[in-house]
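What follows is the residue order along each chain.
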Amino acid sequence: MAEEHHKRPVKMPQLNIKIIRLIAAFVVLVLLILRIHNVALESQLGASTWLRLSVSGLIIGGMYALIAIGYTLVYGILFMINFAHGEVMMIGSFGGYFVFEAFNAIPVTLHDGTQISFLNAQPVIAILLAFLIGMGIAALTGYFLEKIAYRPLRGAPRLVPLISAIGASIFLQNAGQLLFGPQRRQYINPVIIDRGLGWQIPIAGTKVLLTYSGIFSLVLSATLMVALYLLVQRTKLGRAMRAVAQDKRTAALMGINVDKIISQTFVISGALAGSAGVMWGIHNGLTNYFVGFLPGIKAFTAAVLGGIGNIPGAMIGGLFLGIVESIGPAALGIDFQLQDVIAFSILILVLILRPSGILGEALTEEKV
Amino acid sequence: MMMLDVQGINVYYGAIHALKGISFHLNEGEIVALIGANGAGKSTSLSAISRVISTRSGAIFYKGESIINTPPQDIVTRRIIQVPEGRRIFPRMSVVENLEMGAYIHNDRGKIEKNMEAMFARFPRLRERRKQLGGTLSGGEQQMLAIARGLMAEPELLLLDEPSMGLAPIIVEQIFDIIQDINQHGTSILLVEQNAQMALSIANRGYVLETGRVVLEGSADDLLDNPHVQEAYLGGGG
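Chains as they are written, first to last, in our numbering: chain A, 1 to 368; chain B, 1 to 238.
Just so you know, these hints were derived from the structure itself, not from any lab. Hints are all accurate, no fakes.
Calculated pairs, DSS-like style, for lysine-lysine (alpha carbon to alpha carbon, straight line, at most 30 Å):
(1) B/K114 x A/K260
(2) B/K114 x A/K236
(3) B/K111 x A/K236
(4) B/K131 x A/K260
(5) A/K260 x A/K147
Here the structure is a predicted model, which is why all the values come from computation and not from measurement.
Chain A extracted, bound-state conformation (with noise of 0.2 Å):
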């Protein structure tokens, strides 16, 4: 009798929540087709409006990604999420628009007597410039916070470097705010990539305008992707930093220098932050010491979607959460200042209904 009493109330729960998740989930995804159902056939928007949306929503995404691969590596290697990675990808975002704005002041004269400024002279090398500087500072602002705030806390409870991220973080902003100003500020493309000029895609009797800076984000993010996944699966550096995440003791036995392959992660990941940095402002224009906040919290949304650790995962999360914001409002019928309600709307649901994410897979004890 004492037994089964016993057994009871710990069996019953266990299936409620699975049951409740299912009911949950199912409640969700009626409502929501319901709704864009709806919404889609009263809607008065185009195929135009429809592919501009998803491209804008690709090419944040993008950066989105970038930055998701950052926190999923450090995931993979240390089980800890780096809060203070958003600011990483400010401070390079800092970096890019110092060279800019240094290129800007410079006057040059063509040879017709014109003066332009050097920026628009040569583009190419204060582009090339400005990523370098900007994934430089960020490559070099995360291998000192895996130095400062990380390191002496390594073996320590899982909760305390979590506490240290978020204390970096806050420092970060705040030193921004000291360095750069409280202020918003215009960050200045050369012509070749312009914000508001681009190519005139005709659709559906309308034209679509694809700007030079996006397609240059797209394709850069896709560039460094494509890069990163080389490096991870093809190099020396990358098998030993998944071996470091499989087993860290196995790995040293094999003569692998763990600490190195810690920093070297922390370089890697700041130095894409700093890209997704430098091109946050490209494309939106803007910078200041907040800037990474935002786009740092999608990011672990992206990371936390595709299964964190998973770094297909995080650039899958990461595109997908772009698309997804952008779209939504307009698939939902509601005001586009709510993208980010659906953004952590989603962080939420996956956190509930499915943790490991997309690719994750299922969290071990050790892991968790």
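Given the coordinates of chain A, work out where chain B should sit on it, guided by the hints.
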């Protein structure tokens, strides 16, 4: 010539005193067995030599030089290679990638390829499964992969931790044949085993560990004849 000399090392896991001043040595070309029950400190001794756990006191000399302050990756570059307990294959890497991890300290592509070919010749099962993920191999295959991975570093001293654990007797025989063969090709071997009979049958000398201390040492034949060893580790009587 004395290759490895461990002198009175003490290791603590928190409040637990795991190694209580253990001393042993290994001469070049030897197979030395550390035998003892679970928790006697055998694996801890190997990890102390590999420097993946820290010692509180004592000294370790390799070829006459102290390695007590050498980080684990430099132990590997000095060709002291550990094949850890429970194989510790990288589960989400293929057989080939696991072997390449073993050769991490080497950069000569040609030599790595040559060594890998030698491993496939020695362990034909691994060649059949070269593209398969390490986590999907059977226990015996994983042990072979673990040893092959260790050999990829071209060890001068091989530290083998419980190579027979969880394997069928026929596979244990195979593994021990391979260990003898590796030794005959010039690699010194420090072998940790619970299977004392097997270990002492191929070893030159042995040490018996009990609760963090060396309680007996001697030639393998003497230990096999020792009544205490027979009673405690060889199933009694004899």
